[in-house]
Amino acid sequence: MKGSHVGEFEELVLLAVAALVADAYSVAICDELTKHTGREVKLGVVHAVLNRLEEKGLVKSKLGEATSVRGGKRKRYYTLSNAGKAAIVKAKEVRDQFWSVIPDFVLKGI
Amino acid sequence: MKQTPIPKPPRWATRLLALYCRPELLEDLEGDLNEYFDRHVLSKGLWRARLIYVADVLKFFRIYTLRRPSVYKPFNSMDYDRQLF
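Chains A and B supply the protein sequences, listed in that same order.
Numbering-wise, the working numbering puts 99 at position 99 of the first sequence, and it's gapless, one number per residue.
Numbering-wise, the working numbering puts 1064 at position 64 of the second sequence, and it's gapless, one number per residue.
Check before you lean on any hint, since a few could be wrong.
Taking lysine-lysine pairs in the DSSO-like style, the calculated list, with each CA pair at most 30 angstroms apart, reads [what the hints assert, rightly or not]:
id, chain 1, residue 1, chain 2, residue 2
1, B, 1008, A, 62
2, A, 42, B, 1044
3, A, 35, B, 1008
4, A, 73, B, 1044
5, B, 1059, A, 56
6, A, 42, A, 92
7, A, 35, B, 1059
8, A, 73, B, 1059
To be clear, the hints were calculated from the coordinates, so they are not data collected in a lab.
Construct the entire structure; sequences and hints are all you get.
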C-alpha cells in the first residue's frame, strides 16, 4: 500500500511515540530518541517527520491542556493510529526475519 | 527586594514565527521553542539560549509550517461553463 512504507528514522519516531504512551509530544520524543540512539536529534527534524507521519495516517495528534510552563503554550500529543501500529509491527517482523537467517559465525568476534 | 527578571526569548523572533507559521501549528512550535529556551538558559547561558532560539525559528521556515495564501480559489470548470451558457 502506497504511503505505508516507513524509513529508518520514521520507524524510530513511531517507536518513541509508542514508548512514551500518553506523554508523546515533540520535545519528549526528541529526548527519547537521543537517549536510545546516543545521537542528538534536532527538534525541527522530529517535527517534520511527525507532520509526514500524520499525513500518512500513521499517527494522530491533539493539543493538551494549558499549563503554566512553556510560556502557557499547550503541547501537541501524538498517538499511533492502527496503521502506525501495523507499520512498526511489520518493520519488526522484517528485521526479526533477517536476524533469524544470519549465521552465528558472521557476528563472531564483536 | 529586587526580583531577577525571568529570561525570555527575543520578541522579534517570536513575532517572525507568528508571521510565517500556520496558526494550527504555531502554539505547539512556540511552546517547544520556549521549553528548549528555558533548558538552554540553564545549561548554556542566556546569550547562547537566545541565539539558539533565533536559529531554531529560522530553521522552522519549511514548506509544511508556512501559512497558505488566504485568497485561494481553485479553478472550477463548472463555474466557467455556467458563465458561458
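Go through the numbered hints given earlier and state which of them the structure violates, listing their numbers in rising order. Those not satisfied: there are none.
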